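Model the full assembly from the supplied sequences, consistent with the hints where possible.
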Amino acid sequence: MLDITEKKLEKATVELQINVPVETVELEYRAVFNKLKNRVTIDGFRKGKAPLQMVETRFRKEADREVAENLLRSVFLEAVREKQLTPIAYPHYEFDTISPDEPFTFKAVFEVPPAVKLGKYKGIAAEEQACVVSDEDLSSEIDSIRERFAQIDKRGDDEVIIDGDLVKIKVKRIDDVDASERDAVEFKEYQIVVGRSADESALDKFITGIKVNEEKEIDVKYPKDYHLTELAGQKVRYHVVVLEISSMTLPELTDEFAKRLGYETVAEFIAKTREYLEKYVADRTKGDAKAQILRSIVEDSTFDLPESMILNEMESLFRRTRESVGYHSDNLEEFAAIMGLEKDAFVNRLREEAAQSIKTSLVLSEIAKNEELAVDPKRYAEVIENIAKRNGKTVEEIEKAIAENNSRETIESELLLDGAMELIYENAKVKMLKPISYKEFAKARVGR
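If you count the sequence shown from 1, position 90 lands on 90 in the numbering used here, and the numbers rise without skipping.
Calculated from the structure, these hints are not laboratory results.
In this text, all values refer to a predicted model and were calculated from it rather than measured experimentally.
Treat the hints with care, as some may be off.
As a list, the in silico DSS-like pairs of lysine-lysine whose alpha-carbon atoms are at most 30 Å apart [as the list claims (entries may be wrong)]:
id, residue 1, residue 2
1, K378, K122
2, K290, K434
3, K389, K286
4, K117, K8
5, K286, K443
Simulated restraints, written as ranges between beta carbons of each label pair [as the list claims (entries may be wrong)]:
id, residue 1, residue 2, range
6, I162, D219, 19 to 25 Å
7, H92, P223, 43 to 49 Å
8, R173, Y327, 16 to 22 Å
9, D183, I152, 31 to 37 Å
10, D344, G209, 40 to 46 Å
11, I338, K429, 40 to 46 Å
Every residue gets a Cβ at the ideal spot worked out from N, C-alpha and C, and that includes glycine.
In structure tokens:
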């Protein structure tokens, strides 16, 4: 056994001081010098024929470096196995000197999976919003589907914008620049259906009654809880120019139209649309309640997160954010500027989101372990079938891909987390709130 002193540091970091006996050091030097002897060339000798003592004298520094690298790597792995530790990042090594006739002592500092001290996770109080899908809500949703198949007809330049029009506009913000610099600010083009947004701050609320080529300055007051943090609580002035106005003629609601959407009849289309809306609402309201419960558990639990884990999650979040807006460079400062954000503020936001994401996963994993949850084979099979359907492949093809990518464990881990989430929801004290309309529900979720 190795002579190991273990010391636990902050942020799930461990320091091992390891003493390697001189006999092990001597053997490693001997092996390294023999390899050097066979691969180096010394004047006056054929390759591999120089006396070992001469090789030891001339190539001592190279041997020291190689022996140290070999021992650090092999002894460290032996030490973490002996101590039953699981490094999650490369170790940082420290040592003074190494010599063939002395024991070798070094320190290895590395991060391990963080310990979680779970707070209370059963009987958590939460509120769940009830929501009723009315006939009016259903009609509005059906109209929005019909709009996707609408006949678009460009309207005359002397006609004004009315609700239901498809309008192309160009917009620029002008309140945050000097008047002398406003002409230099670039316009951005947008296409919107007037009167359809649930966002009270949306620009379509301010442009009815104006014509093509008309310009208008619009003042928009954003609420403090607005979903875009860079606009929250601000009063913003926009310069808007109307480029094009088109009317939208919606297709008639007939069996023929329903068949274009994959249904046999209008009645089936309407019934399935209501079913979709009701399931959508139920899933979202239940999801919101679950999020409340999980936040309470996370706040009541104790973590000591390693820095490497946070940095890795920050990188993943940044990559997903870039991909969501079609931005391909990994230049964080440039991306923040394009999004109108301060770099430091953006980094801090990424860090907070990363830490919260990690804590959430750790809590659910710990609950799954405490409750000895297992993956239901039927549920796993359902997931594979759904993946196959989404990708237009057979179950066998998906299973083969999973085996090749070694991703079964990842899928099972996600299912365990889902199981833990269901468990804490089922054991929570959930209060159902007074029902609201689907329209109110949609308005409250703008930007979420």
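So, going through the hints one by one against the coordinates:
1. K378 with K122: Between K378 and K122 the Cα gap is close to 26 Å, so the pair holds against 30 Å.
2. K290 with K434: holds (18 Å)
3. K389 with K286: holds (26 Å)
4. K117 with K8: holds (16 Å)
5. K286 with K443: holds (17 Å)
6. I162 with D219: 19 to 25 Å: holds (22 Å)
7. H92 with P223: 43 to 49 Å: At roughly 48 Å between Cβ atoms, P223 and H92 fall inside 43 to 49 Å, so the hint holds.
8. R173 with Y327: 16 to 22 Å: holds (20 Å)
9. D183 with I152: 31 to 37 Å: Hint holds: Cβ distance 32 Å, inside 31 to 37 Å.
10. D344 with G209: 40 to 46 Å: holds (43 Å)
11. I338 with K429: 40 to 46 Å: holds (45 Å)
The structure shown violates none of the earlier numbered hints.
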